[in-house]
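Since each chain sits alone in its own frame, please combine them into the complex, following the hints.
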Amino acid sequence: MASKVIHAFYNDDDILMLAVKKVKAAKHHIEEVYCPFPVHGLDKAMGLAPTRIAITSFMYGCVGLIVSIVMMNYIMIEDWPQDIGGKPSFSYLENMPAFVPIMFELTVFFAAHLMVITFYMRSRLWPFKEAENPDVRTTDDLFLMEIEIHDNEEELKSLLADTGAVEINISEK
Amino acid sequence: MYTFSNRLKIASIILMAVGLIGITYGFITMPGTVQEAKNIVASNSGDHHGDEEAGVEAHASDSHAEAGHDSKHDEHLLHKLQNKPWSALYVAALFFFLIALGVLAFYAIQRAAQAGWSPLLFRVMEGITAYLLPGGIIVFAILLASVAHMNHLFVWMDSEVVANDKLLQGKAGYLNGTFFLIRAAIFIGGWVFYRTISRKLSLAQDEADDNTNFVKNFRWSAGFLVFYLVSESIMSWDWIMSVDPHWFSTLFGWYVFASMIVSGITVIAMVTIYLKSKGYLEDVNDSHIHDLGKFMFGFSIFWTYLWFAQFMLIWYANIPEEVTYFVTRIQDYNLPFFGMVALNFVFPLLLLMNSDFKRMNWFIIMTGIVILTGHYFDFYTMIMPATVGDQWSVGVSEISSVLFFLGLFIFVVFRALTTAPLQPKRNPFIGESKHFHY
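Going down the list, the protein sequences come from chains A and B. In terms of the working numbering, the first sequence opens at residue 1 and continues consecutively. In terms of the working numbering, the second sequence opens at residue 1001 and continues consecutively.
Possibly wrong hints are sitting among the right ones.
Straight line, CA to CA, 25 angstroms or less: simulated BS3-like cross-link-like pairs of lysine-lysine [as the list claims (entries may be wrong)]: (1) A:Lys44 with B:Lys1294; (2) B:Lys1200 with B:Lys1434; (3) A:Lys129 with A:Lys22; (4) A:Lys157 with A:Lys173; (5) A:Lys44 with B:Lys1434; (6) A:Lys4 with A:Lys27.
Have a look at the derived ranges for each label pair, beta carbon to beta carbon [to be verified]: (7) B:Met1353 with A:Glu167: 37 to 47 angstroms; (8) A:Ser158 with B:Ala1222: 54 to 64 angstroms; (9) A:Phe37 with B:Val1327: 40 to 50 angstroms.
Quick caveat, the hints were computed from the structure, so don't treat them as lab data. Built from N, CA and C at the ideal position, the CB exists for glycine as well.
Isolated chain B (complex conformation) (with noise of 0.2 angstroms):
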């Protein structure tokens, strides 16, 4: 059985604590009317935000000098600022549920193809997975207080907006509060529920003697990875694609599917590294780690291969009506948006190419960091554009956001690792995987 060291623990409370300290300053700092929210962008003139907000100023007083369009601008400066506290905590919740759900996906797919190597870290996984219920439950709630207009994440909330367009009058019908929330809900719902059930049945199979609860297992599992890929494509749309309802890209949801993944295997691998130095998992061997960095370094190409598609099938057709989610990307987030391939291909290519490399726990650690941040950066371009535009930055706010997700996530995680033995008992491939090497 594995103990909760009091140091981790109360690591991960101190991170809360703190998170949750930024995560409150970010909104009593929010600015409540125009006139403050031109006042930070005029203190903040000296970097490049200011000299931006300069050049679209200038945009507007050519083509349109009337004083109804200025106001409207400084309206919609106003809502971007106002976003910002909210899309960093959105961004941070997002990222570290589906971390879980990444993971969950991958345990689902060891169980479904009934893999040899791989049964050890069960226990692992479902100690991640713990995380699925409680960041749900906060990513429900944060998408429930968008649809009381509690923010302005989602333009197509808005009904003033909705009013005066065309393209999102037509879209309605899918994007509409209610019927958005109801998904929201099946969705967690179905996750969480396949995930109680696995965890349950992979406990029974400890105590059974027989094997009708793998097979019963191997059977949810197979069940869940179809709900899976249809929720997780639809969730991508609702979720994260709806920060621009304007646009639209059919592969995102395998886009979206990827960064998750890879941040997933990645976080099993960090956590499965941290469990054996501190002398649990004593059969996991150093092959175990090299298959996972073996799943990192595909799961980062394939991320890139797909990043990449759908940037250049838009790039190279330049129609407007796709191009401008690239655009503004381009213009306004120069560095995250292509440091983060860097960060998440670049990196993971050249230092885990090398199969020693790959058993090297520390190089597992540092890779998996670089990930990690990488696929941060991922999300905040996903949504960042469309929530605060040109106002972002990586401030109290955004840091405090994921310092608090950080603390919790280590805080459930682990806690949930204490729950139940590290080693699974009567795996009919426990004995494979004790003695997987590669």
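Isolated chain A, as found in the complex (with noise of 0.2 angstroms):
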């Protein structure tokens, strides 16, 4: 599909917020931002919805909580209750302080790296992985806000010229 994007390049962070409000405010959408560091308050400005991640990483903790408790009393408690040097293995519960420090990393465990690789697999972000910046110059000094074109390709550079881009491109996508 041949459609036709614009590129407006920044080169000031407060100034591409009040870029972003106005072009909010005249009702274009924006496709993307491209931005060489985190841009605070960019997210709400754009209208994002705000990030699940800490909701999975949660329910990460409770499985990864889960698989200790279950391992450990198969293993010590179940499967064979030895004495081992006078700890009372009859239940789970008796001898549970000792098993506090698993149960507590494993739930940190599963908490972090599930909720990481989430992160990755939501971002498609993997080693071999193309790079997506339309221009090399975002991961420096330039901020790009990407707006597609429905024909109407002059009212938009218009607008984008009056919040203070400091270069304007059309490319094709």
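This is the structure we're talking about:
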């Protein structure tokens, strides 16, 4: 599909924020914004939905806790309840304090690693992935706002020029 | 300026009056003779204490069936029952005093760290720490009464016991009445001294035209934190650990510290929310509450970490001289001992994890009540097993002691809040604090 997009470049994050607000006010859909560093409040200005990654992390933590409990209950209490140095292996609860360090670590392990993997999958990051930045300068010192064109090239151009863009390009996507 | 609302003032006075009546009742009904003590236990035989008492007696008659031992046991029972109103008073006095001390530590940390979000809350913290002086005097008076042998809270103060106890003789260089009171006086004096200086500099900064008062306050706070760390640790050995003079634990000072600072932060949050709901503290927004909620959450987990670290190390090694501490608590205090872990850990963990919940005032208040109840029982299970043993209950003495000190705390704190504007005028960070947003 040969759709055309407009690329507006900014050299300051404050100007970018104002520009995003103006473009949103003019009811244009912002396809993407590329920044060299996180701009505080940009997601709010763009109207992006809040992330749910903390919720997934909590659920992964619960899974880790269950895994550790089931594992140690099976190994230490049910499968071979040996007397090791007088520790009471009669029931899980009786010997629980000894298991807490592992329960804690596995909870953190599952919560952290599965959340990171979720993040990679959701944001499509992996080794040998082809970089997607439309202009190499966006990783160094320029901010780029990308808007799709629907037969309104001139109008968009003048709007973006008004917002303080230092450079405006049209490119095929 | 804040004005102490009449309704709150009357409520606090009623709390004090009711508490005082209950405390007096507790002391009046305290048994005076061994026979009275036995009657009290016999009349309670329906409940679980009676069963335990029977077990202890059976054990006593099994192993040493001598009249001498029996009478000693009876006298011990009398002492436990006589300790009940004293312990109830001591736990409540200590709990509210340590809340004020926890707030003072948090305040000094905020000053020394030059935090940008908290200066709006400095006057609230200063108001709460006004309780240090009256609270400290009461705690000191109870300690003085103990040294004067008016009660049996600290067994090492009984010269007859020490004479028959090699371990206590060995510790007598540290655990003796005079030195004990001198230490207490120095600590309470030092804390009140820093509080007075810092408050004075904080008020002077409002009227000044440069920042010298602020810088001085920063230095005093940094110095105080060093003193606090040392004195708090020794205080916890003296006032709390020494009720079990045969037992010792190295991280005990930290453990007590965690308990008091989480209660202190909770009280800051609750007083702030109250004042804001009354239309004072206009510039405090939900981000400030959110930050306090995060501290409540974090320090609750810190407390649990220390509680568990102390428990697990002793449980795992199971050395008889250390483990008796937890044996008595698990056998005689099962519900308060494990219940407080639920109140202090599981509740805050689940309730305060969500970022949105920490912004809701009623949520912070509800969680705060749970945390404060939990930490009262934390101090309860630190003191009671050594002083009243299996004769514990949460009855008239305990509840009215809490009510009395709650009333006094509210009265002192809110009266202190009326003495200065609730918003510092020219603290260098006040602008940042007003626009604090998270």
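Right, here's what the structure says about each hint:
Proposed proximity of Lys44 of chain A and Lys1294 of chain B is supported: the alpha carbons are some 23 angstroms apart, at most 25 angstroms. For the suggested pair Lys1200 of chain B and Lys1434 of chain B, the alpha carbons sit about 23 angstroms apart, so the restraint of at most 25 angstroms is met. The straight-line distance between the Cα atoms of Lys129 of chain A and Lys22 of chain A is roughly 34 angstroms, outside the 25 angstroms bound, and the hint therefore fails. Taking the CA atoms of Lys157 of chain A and Lys173 of chain A, the gap is about 17 angstroms. The hint holds against a cut of 25 angstroms.
Restraint check for Lys44 of chain A and Lys1434 of chain B: satisfied, since their Cα atoms lie roughly 21 angstroms apart, inside the 25 angstroms limit. For the hint pairing Lys4 of chain A with Lys27 of chain A, the CA-to-CA distance comes to about 18 angstroms; that is within 25 angstroms, so the pair holds. Range check, Met1353 of chain B to Glu167 of chain A: Cβ separation about 45 angstroms, and the 37 to 47 angstroms hint holds. Range check, Ser158 of chain A to Ala1222 of chain B: about 58 angstroms between beta-carbon atoms, so the 54 to 64 angstroms window is met.
At roughly 57 angstroms, the beta-carbon separation of Phe37 of chain A and Val1327 of chain B lies outside the given 40 to 50 angstroms, and the hint is violated.
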